[in-house]
Structures are given as structure tokens and as C-alpha cells.
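First to last, the sequence lines map onto chains U and L. Residue numbering for the first sequence follows this note's numbering, beginning at 1 and increasing consecutively. Residue numbering for the second sequence follows this note's numbering, beginning at 543 and increasing consecutively.
These aren't lab readings, by the way, just hints derived from the structure by calculation. This one's a predicted model, so the numbers in the text were calculated from it and none came from an experiment. Ideal Cβ placement from N, Cα and C applies to all residues, glycine included. Careful, some of the hints might be misleading.
The calculated BS3-like cross-link candidates involving lysine-lysine, where the alpha carbons are at most 30 Å apart (straight line), are [claimed, not checked]:
| # | chain 1 | residue 1 | chain 2 | residue 2 |
| --- | --- | --- | --- | --- |
| 1 | U | Lys-367 | L | Lys-555 |
| 2 | U | Lys-521 | U | Lys-431 |
| 3 | U | Lys-387 | U | Lys-452 |
| 4 | U | Lys-526 | U | Lys-452 |
| 5 | U | Lys-452 | U | Lys-430 |
| 6 | U | Lys-521 | L | Lys-555 |
| 7 | U | Lys-430 | U | Lys-526 |
| 8 | U | Lys-452 | L | Lys-555 |
| 9 | U | Lys-526 | U | Lys-540 |
| 10 | U | Lys-457 | L | Lys-555 |
| 11 | U | Lys-452 | U | Lys-431 |
| 12 | U | Lys-535 | L | Lys-555 |
| 13 | U | Lys-412 | U | Lys-526 |
Going by beta-carbon spacing under 7 Å, a handful of chain U positions derived as facing chain L [unchecked claim]:
| # | residue |
| --- | --- |
| 14 | Arg-59 |
| 15 | Leu-490 |
| 16 | Gln-498 |
One side only, chain L facing chain U, incomplete, derived with CB under 10 Å [unchecked claim]:
| # | residue |
| --- | --- |
| 17 | Glu-561 |
| 18 | Pro-565 |
| 19 | Ser-568 |
| 20 | Asp-573 |
| 21 | Val-594 |
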Amino acid sequence: MPAGETTSSLTLFEHFTQEAAKNPDRPAFTFLTANLEAKDYTFGELFERTHTVAEALARHQLDDHSLVGILVESQEAQVLHYLAALSLGLTPAILTPPNRKMNYDYYLRNIQGVLGYCGFSAVITSMTELAPVVPVLEPYTTCPRGEISRPAATADSEAAFLQFSSGTTGIKRGVIVNNRAVLSQLTAYGGAIGLTPGDTIVSWLPLYHDMGFIACLNLPLAFGAHTVMMQPMDWVANPAMYLRAVDRYRATLGWHPNFAFAFMADRIREPDLAGLSLGSLRGLINCSEPVTHVSQELFRERFSPYGLPGNVFWGCYAMAETTFAITYGASSDPGYLDFQGPVGAESRSNSRPFVSVGRPLAGVDLKVVSDGGQTCSDRQVGELWVKSPFNLSGYHNNPEATRTALCDGWYKTGDLGYQLDGQFFVSGRKKDMLIVAGANLYPQDIEDEVLKVAGIKLGRVAAFAAFDERLQTEELVVVAETEITGSEGLRLLSEVRQRLQAAFNISNFSVDLVAPGWLIKSSAGKMARRANREKWMAGKNF
Amino acid sequence: MAELIALLIQELKLPPAIEPDTPLMSSGLIDSFHLTDLLAVLESHYRVRIDVGDIGADNFDTARQIHEFINASR
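So here's chain L without its partners, still in its complex pose (with noise of 0.2 Å):
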């Protein structure tokens, strides 16, 4: 979780602040323009692949969701 949450702070350049349960979508934080940015550092970084089809608020919103979907598609 810290190491995700570290990526997102480093390669999204979110706020220090983040903590695993702070929504990062419905927030405004990461715009829907960097969606696709997101996805991009999130599937090299885990060597996944995330379909945007199967994404949305309630399951990709916070750093703890994202860390959860993450370890199911794997």
C-alpha cells in the first residue's frame, strides 16, 4: 500500500497528503484526462492489465480499492 501510494504521489504528483482512503477520482484529484495516465503507470509498474470497462468509482476511487483490484487481476 505505501509503495502504491508513493507511486501515485511520484508519477501522478498527488498531494503528500494522500492516505489510503482518500478518494482520488470523486475528489477531483486525478482528472478524468489522467485516467488513461493512471492506468499506463499502474500496468508497467505491476505488470497488469486493467481494463477500463471494468473500472469506475466504486471499486477504483482510493489508493485502497486501487491496491485491492490490483491484487485480484493479478
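The following block holds chain U by itself, in its conformation from the complex (with noise of 0.2 Å):
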């Protein structure tokens, strides 16, 4: 799909067969497991095994649009069942599965509200504790077949699939793509990053979050690149293979989290790097938390003796409320780095300046907006407001969220941010929401989770981020009052920890249980998150 070119009125799935046939015989997908060992699809590999899956699929004659998750571990497995069911006319959306730390009872009771909530209509899944909730249909192993029918004529108004606005947490706040917007979204983003036949794409990143979902998964299909993929939990415990993977593959590139570059400079091992060249990468994109200049140069200095190319850093503003990317910009490009900050900021050190994301995406339009509603000028800080031929038309079910987040067309991102020369900078959130490694989590949510542990204090939990230094992401705080001490205190936390692993999929968060008294409410009896934040600062320093 070359840049500029018309999205008519195909579906996505027409898009992607498309794109194929154009080079059957070009690697499209290379899965890697925990020992680098790699299984192969080309593209017309790919498509012929889709049909298979789809064969299978079809017997349980679900019917056009249907919503329908996909549950299962293997990326591969995910893949495969994500483009059967769009074959089939139907409304895929990859869920998070569990991951083998996680406490098997709080993730299901979790999950089994997701899928409640959103009213799908069956889920291919092996886990068939979920079938007194929804239809179970076994994922394609070894399933008879069945005939397949071509779907209905589908319009491109219509729904293409079904993504979150973030992990778990987004439960509420599905957004169903049509088909328009998501073809728009990638002929305007692929184009804008100048994606080819000839680039190969390295993965970590899970397939149920927006940024491994578009960028790593529909946008190679529809423009027919290479994607390596490794499973994220792989990545977690030895992120050397990454650059491993880079080097095998001759990568070009790469989407992260702003975590991910100072998470890889601080514990990859010296040997693991022996012989690795990463010149061929040409962007690694910093996307979905705040972008620190600190994490990319910890990355730079780490790994240029490896051959990693200058200006390898890309920006990119992006959410899954508008199907994904919205900005673009190299660092490269003038302005990139602002050591002054917008208006009333102190100004940053020559070491942290603020990191532009760039500059809005063809047909995009961003505005700072001040709480009186106007728009702001140059370095004022304001909301950051977008309108876009990939906009979300609503949160599926959740008509109140879709109340408040849109406006005459413009989508409230609830980010803070100002403008420079037509380059815009993400300077902090108006909305009561952290982002931690990638996740969007709200403190109200984390604490009602903690709440539910039987021993914690009723109301006496407080969520909060505190910055990582170490990692360059906010890491998550969480502070909860217990009479309960020693050995049973441990098991207490344990709990807690587990709960919040299996309910959030987050792996970076600190709990502390403290005793009764130690929180601070403020005078209208409401748990006071930033006096507690500063207070449990203070004594980490001690």
C-alpha cells in the first residue's frame, strides 16, 4: 500500500490479501521462542494457513460482525486467528492472556468481566473455565474442517476489529476500528515513516496492546514487511535477544515504550552483546509513555559501539483512541529538543530536555487547548485536543466515557502538552491516569482492587506513580494500611501483588504495607494521593 494511495472501499483483509499476492514469497512473519529458534511464514505461507484456520472457524457459523476475542498465548497462534476471523467478516480482538506468574483465579475472574462487559459473542480460547460466560470455541489445532463461505459485502463504515485503550485496565474502554479508519491510519502512518516492502520490523511487544497490534502487526501486512516477533515475557527476562534478533534479521525497525531503551541499556549483559552489529536499524520509535531524553541516551551510549546509527530515535504520539498513530518526527529534524519547556516551566538541564513527538500525521489535526477553551499560542500549556479520519466514534457500551472524551468532533485526550513550531511536546496528564510501562491504569481502580484483600484496612489504600529513575517510567506506588505483621503480613503481600498482577498485567509496581495511621486524608476525608506520594518519597530517601 503505497503512500497516498486511495483506500477505496476495501476491507482490511482485502487490503492484506492484496498486498500479498503482490510477494507470495517474502518472509512476512518470523516467530522466535525463548531460545531464538524461528519458524517462518511467507506471505503466501501465511494466508494459506489463515484460510485453514478460517475453515475451522466457520463451522460455528457465527454470524457477520460478530464480536469475537481471541485468548490465546502464542503470538503465532494470535496472528493466525486474528486474520481468520477478518476473513470471515467477523469482529476480532486479541485479549491478554495469562502469563504462568500470574494467579490463575484473579486473572479469570478478571477476564470474565471483559468479556461480559463487552458482550462478545465467543471466544477461541482453550480455557473452557470461561464458557459459562461466553460461547468457547477451540482454538485450530487439529479441528475438522468446515465449508467456508464468503462473508457479506461489507461497507467501509463497517467494524474491522475491536482494540482497548489499554491493557486490562481499558476494560471499559474498548474502541471498535472500521475498516475506513484503520486503512486511513495506515496509509497515513506508513507513509509518513516511508514503510517498504524492503524493512524488517523487531517485536517484543504483546499483540492485545495498540502499539504491537498496529504497528507491529497491520501495518507490515499492509505493506508488506518482514515482522520478527518474540513473545514479551521472553523479551522481560532476557532482553538481550532483541538485539540478538536485530542483528540475525538486519532489522530496520523498532516500536517501544520509553522504558524499554533504559530497561535493555541497564540489564543486557556484555557477553550477550559479543559480535553484534545493529547498523541496520533506521528508526526506533520511543511510543506510549512519556518519551525521556535521558532513556534514549542511556540506550545511545550503551549500544553505539554496536553500530547503532545516529538520530536512530523517532517520536510518535499515539492511542488507541485514535486507532493508533497521530504524530511523527525524527530527531533529526530542528527542534526536536526543547531545553526552554513551555511557559512558567523551569527551565531543564542541558541533560533532560523536553523530547518532541513531532508533527501531526497527514490529515490529522492537533490543537492545545486552555481550560477556557481557546486555543493556546506557542509554549502554553493546554489539553491536547485531536481530530482525525481514525478517531474512535465512541467507547464500545460506555456511552458516559464517550460523553466526556469527545467533543464536536475532537477526541480530549486528557494529555497535557504544548506547541512549538509546529512540533508538539507531551508535558504531563489532566486526567486522574498513570501510565506505567505503556499501561494506562487508574489509581481509583488499583485501589478498589487492594481493597478487596481480605486484612487491608477498609479504605485505607492510596495509588500513586513515583518516578523510576532507573527504568525512565513512572513506576506504580502502592501504600495500604494492615494491623497484620511478620509472616502473614508476607502472605498479605503476596496477595496483593498477585491480585494486582493478574487484574492490571503489570509487572513494575512497589507495594507497602504500612501501619494504621500512616496514610494521609485530606480534610474532606478523601485519601490524599500527592501528600501521600510526598510522604512515602521522603522516607525512600532516608
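Two chains, two frames, some hints: make the complex.
Pasting the structure below:
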């Protein structure tokens, strides 16, 4: 799909197959195991296999546009079932699978809530425990074949898929994306970054998150590029495998949340880098959480000796509510770093400038709006509002959230930012939301989950974010009061941690159990998150 | 063993109530983000090399298991 090509009225799947037919023998996907053993699919093989899976899925005779969850662990299975569902005119959504370290019971309760809330018609999974909530379809392995019939003609305004505004916390913020929106997004963003069939993407990102799902699955399929995937948990345990894959496949592009750069710079061991060359990379996109210059510099300094090109970092402001990306910018662009910052901000030291997310993509209107509703001037901070051909029309089954998020065709992002000479900078959050290692979390949701644990004092929990210098991301901190101490306190701590891991699919967080009376409440009796954050930070430095 | 437990409490900020058989990974006390941290701490303190592929919930979940694993790797 070359840049600027009109997206006519084809469906997303028809575009994918059209692109695949141009180069059926080129590599489409490579799925890596933890030991870097590879399973390869050419475009021809991918769609042949998709057809087989679709034949099995067709047996269930689901109605057109039925919402179908995909709840399988391997990315290979996620990709094949996603494409099979698309080919049948269903509306698929890739859901967060359980991981080995999660408490399964907590996970199950949470995913049952998601399935019920969104009204899924069926879910493809081997988790038979879900059968009482929603019809369960066996993932394709050796199912008998069924007759496949072409889906009824679909209009470009009809649903292509459902994605969530963040990991599992987005359960009430699902976004149905139609064919026209996703194809406009892929054309605009793929065009901006100059994506071609010659590109190779290496990704550790989960496919149940918009960054992995759009940038490392739908985007390469639309442009005929090769994608090499590893399971997120394999990468977390062994981050060097990412760079080994870059070297082996001569990768050109990769998408990461900000913390991943600091994480790889900090955790990869020198012997694992022997003989590597990163010289094939042309863009590493820093996306989905606030960008810090420090994180990128740590990565650059650590891996420059291995051929990492200069100016390899690219900005991208993206969210599920706009399908994915709304800006693009390269670190070689003038004005990429801003040492002065917005009006009223203390100027940054030379090592901590504000980093631009770039300029709006073609067709995107992005503006900075003051509290009074006026458009802000350069360097004046306000809320970022966006209007684009790929904006959401509303949150699925959630009119209340839709009403507060949309205004006259603009999506109010809840992010604070400013503009300077056409470059945009994101400087904070307006909404009471935390962004932790790329996941969007609401403190109230976290506190409610912790309060379910017996032994935690009623109403005595505070959740807030503290900046983790080493990982260059916000770390979620939960402080909860209890009278329980010693080994029973340890058991309580485990339970709180397991609940949070399973409910929110997070792993970088601190839980502190404290004695009753530690937490500060405001005069109105509400939990004073800011005051508790300051108290916690002060205690940490002792 | 006491030395290892003290190291875990100090370096990974685990609660002081940790005992030799307290599950650390499966209990969520050490999360996946800090697995590489744990390995780095152990490797530099005990001067061993630990391959991620060799460890799992069955041989690396408690201080006692980690202790045995390190002794076997030396």
C-alpha cells in the first residue's frame, strides 16, 4: 500500500491479501522462541494457513460482525486467528492471555468481567472455565474442516476489529475501529515513516496493546514488510534477545515504550552483545508513555559501540482512541529537543530537555486547548485535542465515557502539552491516570482492587506514581494500611501483588504495607494521593 | 543461606520476613521486571553465570532453591 494511495472501499483483510499477492514468497512473519529458534511464514504461507484456520472457525457459523475474542498465548496463534476472523467478516479482539506467573483465579475473574462487559459472541481459547460466561471455541489445531463461505459484502464504515485503550484496565474503554479508519491510519502513518516491503521490524510487544497490534501486525501486513516477533515475557527475562534478533534479521525498525530503552541499556549483559551489529536500524520509535531524553541517551551510549546509527530515535504520539499514531518526528528534525520548556516551567538542564513527539500526520488536526477552551499559543500548556480520519466514534458499550471524551468531533486526550514551531510536546496528564511501562492505569481502580484483600483496612489504600530513574518510567506505588505483620504480613503482601498482576497485567510496581494511621486523608475525607506520594518519597530517601 | 536472604532483602528490597522456603516468583514478591535484577545481583555477588533458559519456578522460586542452584553452578 504505497503512501497516498486511496483506500477505496476494500476491507482491511482484502488490502492485506492484495499486498500479499504481490510478493507471496517474501517473509511475512518470523516467530522466535526463548532460545531464538525461528518459525517462518512467507506471505503466501501465512494466508494459506489463515484460510485453513478460517475453515475451522467457519464451522461455528457466527453472524457477520460478531465480536470474537482471541485468548491464546502464542503470538503465532494470535496472528492466525486474528486474520482468520477478519477473513470471515467477524470483529476480532486480541485479549490479554494469562501468563505463567499470574495467579490464575484472579486472572479468570478479571477476564470474565471483560468478556461480559463487552458482549463478546464467542471467545477462541482453550480456557474452558470461560464457557459459563461466553461460548468457547477451540483454537485451531486439529479441528475438522468446515465449509467456508465468503462473508457478506462489507462497507468501509463497518467494524474491522475491537482494541482496548490499554491493557486490561481498558475493559470499559474498548474502541471499535472500522475499515475506513484503520486503512486511513495505516496509509498516513506508513507513508510518514516511509515503510516498504524492504523493511524488517523486530518486536517484543504484546499484540493485545495498540502499539504491538497496529505497528507490528497490521502496519507490516498492509505494506508487505517482514516482522520478527518474540513473546513479551521472553524479552523481559532476556532483553538481549531483542538485539540479537535485530542483528540476525538486519532489522530496520522497532517500536518501544520509553522504559524499554533504559531497561535494555541497564540489564543486557556485555557477553550477550559479542559480535552484534545494530547498523541496519533506521528508526526506533519511542511511543506510548512519556518520552525522556535520558532513556534514549542511556540506550545510545550503551549500544553505539555496536553500530547503532545516530539520530535513530523517532517520536510518535499515539493512542487506541485514534486507532494508533497521530504524529511522527525524527530526532534529526530541527526543534526535536526543547531545553526551555513551556511557559512557567523551570528550564531543563542540558541532560533533561523536553522531547518532541513530532508533527501531526497528514489529515490530523492537533491543537492545544486552555481550560477556558481557547487554542493556546506557542509554549503555553493546555490539553491536547485531536481530530482525525481515524478518531474513535465512541467507546464500546460505554456512552458515559464517550460523552466526556468527545467534543464536536474532537477527542480530548487528557494529555497536557504544548506546541512550538509546529512540533508538539507532551508534558503531563490532565486526567487522573497513571502511565506505567506503557499501560494506562487509574488510581481508583488499583485502590479498589487492593481493598478486596482481607486484612487491608477499609478505605485505607493510596495508589500513585513515582518516577523510577533507573527504568525511566513511572513506577506504580501502592501504600496500604494493615495491622497484620510478620509472616502473615508477607502472605498479605503476596496476595496484593498477585491480584494487581492479574487484574492489570503489570509487573513494575511497589507495594508497601504500613501500620494504621500512616496514610493522610484530606479534610474532605478523601485519600490525599499527592500528600501520600510526598510522604512515601521522603521515607524512601532515608 | 542467611547471607543470600540478607542479600535479597537488601538488594531487591524484599520484606525482612523472608524465609528459606518463601516462594519469591510464584508469590509475586519478585516480579518479572526484576528477574534480570536478581540475576545481576547473584552473578556479581557469587561470581557465577546464570543462563535464563536454565531457571524456572521449579528450581529458582525460593531462597533455598536459589542457594542450591548457585552451589551447583560453581
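We went through each hint and held it up to the structure:
no.	hint	result
1	U/Lys-367 - L/Lys-555	violated, 44 Å
2	U/Lys-521 - U/Lys-431	holds, 20 Å
3	U/Lys-387 - U/Lys-452	violated, 40 Å
4	U/Lys-526 - U/Lys-452	holds, 18 Å
5	U/Lys-452 - U/Lys-430	holds, 28 Å
6	U/Lys-521 - L/Lys-555	holds, 27 Å
7	U/Lys-430 - U/Lys-526	holds, 19 Å
8	U/Lys-452 - L/Lys-555	holds, 25 Å
9	U/Lys-526 - U/Lys-540	holds, 24 Å
10	U/Lys-457 - L/Lys-555	holds, 24 Å
11	U/Lys-452 - U/Lys-431	holds, 25 Å
12	U/Lys-535 - L/Lys-555	holds, 18 Å
13	U/Lys-412 - U/Lys-526	holds, 27 Å
14	Arg-59	violated, 37 Å
15	Leu-490	holds, 4 Å
16	Gln-498	holds, 4 Å
17	Glu-561	holds, 7 Å
18	Pro-565	holds, 8 Å
19	Ser-568	holds, 7 Å
20	Asp-573	holds, 4 Å
21	Val-594	holds, 5 Å
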